[in-house]
Each structure stands twice: as C-alpha cells, then as structure tokens.
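**Student:** Single-letter residue listing:
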Amino acid sequence: MRSANRVATLLLATALLVGGAVAAVQALLLTLHRRTPLDTTGWFDTVSGTRWRDPTVRAVSAGALLLGLAILVAQLRRWTPVRLRTDERDGWYLHRRCVERRLADAANTVPGIRHARVRVRRRGGQWRPRVRATGDPAARAEIEFAVHQELRHLAAPRPGQIDVRLLPRRRPA
Amino acid sequence: MTNAGHRLLWTIIALLLVAGGAAALAASLGELPGVDPAAMLLSADLMDRWRMAAPWSTLAAAVAGALVALAGQRLLARELRGPGGMLRGTLSRSGRRPGRTRVATDVLADALVRDLTGDPGVRRARVVLTGTPPHPDLWIRVDLTADAPTAGVREHVRAAVRRFAATTDCQPAHLDVTARIEPGHP
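Residue numbers (the numbering used here), protein chains in the order written: chain A, 550 to 722; chain B, 18 to 203.
Derived from the structure by calculation, the hints contain no laboratory data.
Do not rely on the hints blindly, as some may be mistaken.
[Stated by the list, open to error] Computed footprint of chain B on chain A; a stretch qualifies when at least three of its residues, placed anywhere within it, have a C-beta under 8 Å from a C-beta of chain B:
id, stretch
1, 570–581
2, 593–607
3, 673–683
Yeah, the Cβ is synthetic: ideal placement off N, Cα and C, and Gly gets one too.
All chains, full assembly: derive it from the sequences and hints.
**Tutor:** See the structure below:
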C-alpha cells in the first residue's frame, strides 16, 4: 500500500503540473485572442449538451463515489507494519520481509518440504510465525525446529507459537 | 513525504471523491434541492455570464491553472526529495574557554556510517540525524550480510552509537535501528 500510495502521488503530482500548466496557457491565449494549441469547442459542446439525468453523468458520478470509497477503505484499513520490533529497550527493529524470507528459506531446508511461505504477525510482545508449505505432514516438528533455530540466529524474541500448515504434495495422476 | 503524509493526502482525496460523486449522483437522480435533473450541465445562462465576464473570467482560469500547476510542482518536489526533517547544518557548542566548536552534521553521520560498516557483517549503513543538536534523534538502517551473527552486529551497533555519543558529546534522545538481512540460502 505504501508503494502504491507513492506511485499514485507521483502520478497525481505530474497530472496536476501538466494539466495546470496547459490550462493556464490555454486560458491566457484565449484572453489575448490568440490561436490556442487545444481546440476545446468540442468538449464545451458535449458538456453543454449533456443533461444531469443522462446515464453518462450517473455512471461517472457513481464511478467517482465507488472509487472514493475504495480508496478510503484502503487507506483507513490497518496496515501491516514494515518492521518487527525485537526489543523494547534499544530501539532495534528487523525488516519484516527479510525475516519472513529467512524463515521460509530455513523451512525449505527441511528435507521433503517445498514452497514454504512464512508470515510473521506480532501479538502482544510475541511473534507468531505462520508457515505454509507443501510436503509430508510428519515434518512439522522439524520445521518448527528449523524456524526456532533461524529466529535464534536473528536474535529475535522467542516466538509464542509457530503455526505450521502442511499441504500433502499432489500425486501425479 | 512520509507514509503518514501519503495516507492523509489520499484520505482527503477519497473524501472529496465521495462527496463530489454523491452530490453529482443526487443531482442526477433529482434528489438535490435546487438542481433540475433535466437541466444542462453547463446552462446557457452560465455560458453567457462567462462570456460577459471576459477577459476576467479567462484570466481567473489562467491564474487557477497556474496555481494547480504550482501545487503539482511542489508535490512532485516533495515526493522526489524523500522524507524531510533531516538535520542539516552544523552542530555548535561553546567550550569552557572563549570560542565555539562547529561540526557539520553530514560529517558526523558519515563518521558513524564508517564506524558501523567497520563490522564485516554490515554491508551498508545509512544514518539520519533529526531533531535538535544537543540531543538529536538518531535513525540508522543497516543491511546485514546473510551470514552475519545478528546478536554480534547488534552489540557492534550499540558500541558505535556509544562511541558517537562520547565523541560528539551529544547523547541521542531517541535511537531507532532497522536491520535488513540478506536471504540466507539462494
């Protein structure tokens, strides 16, 4: 969401800059009765020939309303923090993506386990790693051990509970 | 611009879109008092008044366009500059004897970066100082190598910050360290 916001702001800023400059030049040339680069008579005719109850007006205004609601929900929803706090005292944080990737790599080292994905959530002061992978369900203890080892290597706080969900590998038909 | 700044900007834009869209929809459905849904979007009366007001109307449009372009330019500049509030300039301190010592904060940040990257486990470091000089806020980002022992690097960073505080004689009011670690097994 953060990257989307940045890109959207860049696009908005560029649109404002270009649109504002073009509008200013156009209006200035109109004031001076010079020939303008954009021919706006067609647009004026369209807008002045459209009634409020036309379906186009309804569609555009409903679209704006829905877009506004969608953006509002996306902005007000709680975002997952980028960083995970490891310690209350010395202000040390670990980048969440890096931790998740490291834990996934650790889970993938367990024999027979593939496509491991890890999400780390923080509840209270404890981390809650959630592992999803394909492989033998009997390897659960080994995955937990590997994740514990990796967290110890990262000097992370002891996790509360490691949630491991294993999908048995699909047999070829 | 910060993440919170973006969030606020887009919340305001979303509210404007919702308000505008709802008002236009209400006008279109005939629910908005004072607007006849059979009327044109740009009525002939409005167009006449616009023409009568020329050249002031077009001049006002030109000024409005210039202001919008200026707002876009400011937004673009803020966006490309990155998060603001960085402490620039010099750290000034008066000694016991007459005279003052001035040190450029860039030099201090660079010195701390060099100290931090002295550890083989730290590949890159970035230091930003904000706040007011006697007790600045210290923001550090370190990129660690895949095999770096995190606990050891953490102790190294803590020691580097202690050395920084002792050398510059300014104890950080707030310390914030973000560590990124390279993936371990390719």
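**Student:** Confirm or reject each hint.
**Tutor:** Hints versus structure:
Note: the stretch 570–581 of chain A has 10 residues with beta-carbon separation from chain B under 8 Å; the three-residue rule is met and the coverage holds. With 11 residues bearing a CB less than 8 Å from a CB of chain B, the stretch 593–607 of chain A meets the requirement of three and the coverage assertion stands. By the rule of at least three residues with a Cβ nearer than 8 Å to a Cβ of chain B, the coverage given for the stretch 673–683 of chain A is violated, with 0 such residues.
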